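Undergrad: Sequence:
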Amino acid sequence: QLDEHWPSEGKLVKKLLDSVGEEKTSEIFMAHRRSYVANSDLVKMKEAGIRKIRVPITWAVFADALAPLNNASYGQHCPEHDAVVVPDPFYKDDSALVTVPRAWFKQFLRKVGSHGMQVLLDVHAFPGGSSQGTYNGIWPLDPMFWTDSSKNSANGVEKPLTEVGNMIVDALINWVEELPAEEFRAV
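Residue numbers (this note's numbering): 1 to 187.
Don't read these hints as lab results, they were simulated from the structure. From a predicted model like this one, the values you see are computed outputs, not experimental measurements. There could be a bad hint or two in this list.
Unchecked claim - Mimicking DSS-like on lysine-lysine, the simulated pairs with C-alpha atoms at most 27 angstroms apart in a straight line are:
#, residue 1, residue 2
1, 106, 52
2, 46, 111
3, 92, 46
4, 52, 15
5, 151, 92
6, 111, 15
7, 15, 151
Produce the entire structure from the sequences given, and follow the hints as far as they go.
TA: This is the structure we're talking about:
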């Protein structure tokens, strides 16, 4: 229970991190992810004739792509198995997200594929926030993706957030291209 409503995922993660710590915050998010779309939901979607579903993801699914920016913040976890809290590259003290273990995500893709459906992966939140709205990961803070640079660089060299976003997109594309056939067919 929080004393006030949370305005965005990034702010919720930060509040939880400050109140219950990183391990519990990651556990809370994974519990939500495991229960949000149940097998019974996929059955109902298939029965309704739905063949493609949009799956909003955040840049944090591929946070490890930002290890060259700051290895301590983004490169110290196993992206295949670990759910960890990572700071937003611009709002490093104000907003954070929980990574998505890729092994878990592959399992989700297999489950979707087993129902004869596919997913459209929608990178819904970019580093620094790319648009106004509660879905941007940093709301109510102003989006900085198009106009500013990272503030969480280990060597003090800032990188344009659009370039940081390209690092994420490159990692997503490479990951999809390397998926085993069963998961690849579901994308």
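Undergrad: Taking the hints in turn, state whether each one holds.
TA: Now the hints, each set against the structure:
Annotation: proposed proximity of residue 106 to residue 52 holds, straight-line Cα distance about 16 angstroms (limit 27 angstroms). In summary, the hint linking residue 46 to residue 111 is supported, as the alpha carbons are separated by about 12 angstroms, within the 27 angstroms threshold. Among the hinted pairs, residue 92 with residue 46 is inconsistent with the structure: their alpha-carbon atoms are about 41 angstroms apart, more than 27 angstroms. Of the supplied pair hints, the one linking residue 52 and residue 15 is violated, its CA atoms being roughly 34 angstroms apart against a limit of 27 angstroms.
A distance of roughly 7 angstroms separates the Cα atoms of residue 151 and residue 92; the hinted pair therefore holds under the 27 angstroms criterion. A distance of roughly 32 angstroms separates the Cα atoms of residue 111 and residue 15; the hinted pair therefore is violated under the 27 angstroms criterion. Distance check on the hinted pair: residue 15 and residue 151 sit about 20 angstroms apart at the alpha-carbon level, within 27 angstroms; holds.
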